[in-house]
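K.L.:
Sequence:
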Amino acid sequence: MYVYLERGGSNPAEVLRDPANRGVRGSGTPRRPVGGTLPLVSATVVTPRPAASVMLVRPGAGGLEILFLRRNPTLAFHGGYWVFPGGRIDAEDADAAAPGDEEAAARRAAVREAREEAGVEVTPESLAFAVHWTTPEVSPIRFATWFFVAPAPMERITVDGGEIHAHQWLRPSDALARQAAGEIKLAAPTFALTTRMAAFADVDTLLAAVAGWPDERLLGDLLDVEGGQVALYHQDAAHGGRPLDLPGPRHRLWMLESGWRYERAF
Numbered sequence: 001m002y003v004y005l006e007r008g009g010s011n012p013a014e015v016l017r018d019p020a021n022r023g024v025r026g027s028g029t030p031r032r033p034v035g036g037t038l039p040l041v042s043a044t045v046v047t048p049r050p051a052a053s054v055m056l057v058r059p060g061a062g063g064l065e066i067l068f069l070r071r072n073p074t075l076a077f078h079g080g081y082w083v084f085p086g087g088r089i090d091a092e093d094a095d096a097a098a099p100g101d102e103e104a105a106a107r108r109a110a111v112r113e114a115r116e117e118a119g120v121e122v123t124p125e126s127l128a129f130a131v132h133w134t135t136p137e138v139s140p141i142r143f144a145t146w147f148f149v150a151p152a153p154m155e156r157i158t159v160d161g162g163e164i165h166a167h168q169w170l171r172p173s174d175a176l177a178r179q180a181a182g183e184i185k186l187a188a189p190t191f192a193l194t195t196r197m198a199a200f201a202d203v204d205t206l207l208a209a210v211a212g213w214p215d216e217r218l219l220g221d222l223l224d225v226e227g228g229q230v231a232l233y234h235q236d237a238a239h240g241g242r243p244l245d246l247p248g249p250r251h252r253l254w255m256l257e258s259g260w261r262y263e264r265a266f
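So the sequence shown is numbered by my numbering: it starts at 1 and just counts up by one.
Keep in mind that a hint or two might mislead.
[As the list claims (entries may be wrong)] Pair by pair, the computed Cβ-Cβ distance ranges are: (1) S258 - W169: 27 to 33 Å; (2) L246 - P153: 27 to 33 Å; (3) P151 - D215: 20 to 26 Å; (4) T74 - G240: 34 to 40 Å.
In short, the hints are calculated from the structure, not lab data.
Yeah, the Cβ is synthetic: ideal placement off N, Cα and C, and Gly gets one too.
The whole structure should be built from the sequences, with the hints applied where relevant.
P.N.:
Right, dumping it as structure tokens:
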């Protein structure tokens, strides 16, 4: 069994109202109460757009560091959030030799986004697949994102000042502490992956571990709870409408006003 447990927070009252990430409170979209059953959702579920993102890592003076980019605050989706380089998978990202290969297209998209958003050149072969993460069904804007990890080349980071306003290299623990202090905002997948990265001291150990991770496709079952929300993933004992306190495996992300916590134990 292995466990990842981390606390955080980022202006929780604002995050919980974020329509781009978790739906709007009071919008009429039903959610399951604690210990209840999943209600029928009357609203049309938006089809998620395919996307790709790459976590660039490097050795730092204090240990492993991750590149975070700050999105333009005026953008509709995650404006002002600190993210990994990434974006939609475009038609041009398809592999001409294998047009139906979604992972190949995702790798090409991640390479392109690293170049466009950070001025960094990586290769599709350097990307280690980490996880595939889909935005909850209650969200009005949804993405089905391939997340990769890659060692960062030596180039200087260059952002365009348009879609991306700033960048910084942070140790995973520092990024989580800054979210907890309300200094930066991280989206759910970014927070969860950063939490997992905090277990590794150096790039080589991290990449070796990620290469052995299972092929996970995550779609959260989102619940309202006291003080915020919790997303349950398929390995969790409570996923699929079962009681939240049911004993068993845990894979959940608590997004509470008192702080965020990613729990993974199975």
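K.L.:
Range first: 20 to 26 Å. Now tell me if the beta carbons of P151 and D215 are that far apart.
P.N.:
The hinted range 20 to 26 Å holds for P151 and D215, with Cβ atoms some 21 Å apart.
K.L.:
Does the Cβ pair S258, W169 satisfy 27 to 33 Å?
P.N.:
For S258 and W169 the Cβ distance comes to about 29 Å; the hint holds.
K.L.:
CB of T74 to CB of G240, is that within 34 to 40 Å?
P.N.:
holds, 38 Å
K.L.:
Using the C-beta atoms of L246 and P153, is the stated range 27 to 33 Å upheld?
P.N.:
Check failed, 46 Å falls outside 27 to 33 Å.
Against the hints set out earlier in the document, a violation occurs for number 2 only.
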